[in-house]
Amino acid sequence: MTQQPSPEAIYRALHTQTGGRLFTVTVLDRAAGLARRVYTSHADAYPVSGTKSMSQGAWTEQVVERGEVFVANTVAEFAIYFPDHALIESLGCGAALNVPICLEEVIGTVNILDKEHYFSPRNVDHCLAAIEQHRDDLIWAMEQYAL
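Each residue of the sequence shown is one higher than the one before, starting from 667 at the first, in my numbering.
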């Protein structure tokens, strides 16, 4: 019998495969209207258990409600959605990729940030393929934090 790796080991392995200067995973708490951070590559700036409001307008509609990937290759493209854009930029990140993880509805997101213009179609495809490859383990890990 194979033992399931810990959620942190699953997230760390995915981060290694996708790359990204900043890598976080959030689980949605729809009742509270929050996205709860359950993994981070930068605990000082983005601690685990940190939260963000889901009321981010067009971003929430696209990613959380429709389950569509969000790609921004400049700070200007994501600053209107992310109030913490100055902190993100201070970490050397000028591009963002937010990938919704869905069951019957979106249960959370994988968030990868890197230098400006990092997310070429090829890099996006690479990240999406890696996330799909780890989908079952990722869902299991996210469900460990479900409220």
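These aren't lab readings, by the way, just hints derived from the structure by calculation.
Be aware that one or more of the hints could be misleading.
[As the list claims (entries may be wrong)] Pair by pair, the computed Cβ-Cβ distance ranges are:
1. Q810 / I746: 10 to 20 Å
2. Q670 / A795: 14 to 24 Å
3. K718 / Q683: 34 to 44 Å
4. T740 / D791: 33 to 43 Å
5. A709 / Q683: 30 to 40 Å
6. P749 / E809: 39 to 49 Å
7. G723 / T682: 25 to 35 Å
8. D695 / A795: 34 to 44 Å
9. E755 / G723: 18 to 28 Å
10. L757 / S786: 26 to 36 Å
11. R732 / P787: 29 to 39 Å
12. H792 / E743: 18 to 28 Å
We put the beta carbon where it would ideally sit given N, CA and C, even for glycine.
A709 versus Q683 beta-carbon gap, inside 30 to 40 Å or not: Cβ of A709 to Cβ of Q683: about 20 Å, so the range 30 to 40 Å is violated.
Hint check for I746 and Q810 - Cβ pair distance inside 10 to 20 Å: Violated, since Q810 and I746 (Cβ atoms, about 33 Å apart) do not stay within the stated range.
CB-CB spacing for T682 and G723 relative to the 25 to 35 Å hint: Since G723 and T682 have Cβ atoms about 33 Å apart, the given range 25 to 35 Å holds.
Cβ separation of T740 and D791, checked against the hinted range 33 to 43 Å: violated (20 Å)
Assessment of proposed distance window 14 to 24 Å (beta carbons of Q670, A795): holds (22 Å)
Satisfaction of the hinted span 18 to 28 Å by the C-beta atoms belonging to H792 and E743: The hint (18 to 28 Å, Cβ to Cβ) holds, given that H792 and E743 are roughly 20 Å apart.
Consistency of beta-carbon spacing, Q683 to K718, with hint 34 to 44 Å: Given range 34 to 44 Å: violated, Cβ gap about 25 Å.
R732 paired with P787, Cβ distance criterion 29 to 39 Å: At roughly 20 Å between Cβ atoms, P787 and R732 fall outside 29 to 39 Å, so the hint is violated.
Status of the given 26 to 36 Å range, CB of S786 versus CB of L757: At 20 Å between Cβs, range violated.
Outcome for the supplied range 34 to 44 Å, where the beta carbon pair is D695 and A795: Since the Cβ atoms of D695 and A795 sit about 28 Å apart, the hinted range of 34 to 44 Å is violated.
Outcome of range test on Cβ distance (P749, E809; 39 to 49 Å): violated (28 Å)
Hint check for G723 and E755 - Cβ pair distance inside 18 to 28 Å: holds (21 Å)
The earlier numbered hints that this structure contradicts are 1, 3, 4, 5, 6, 8, 10 and 11.
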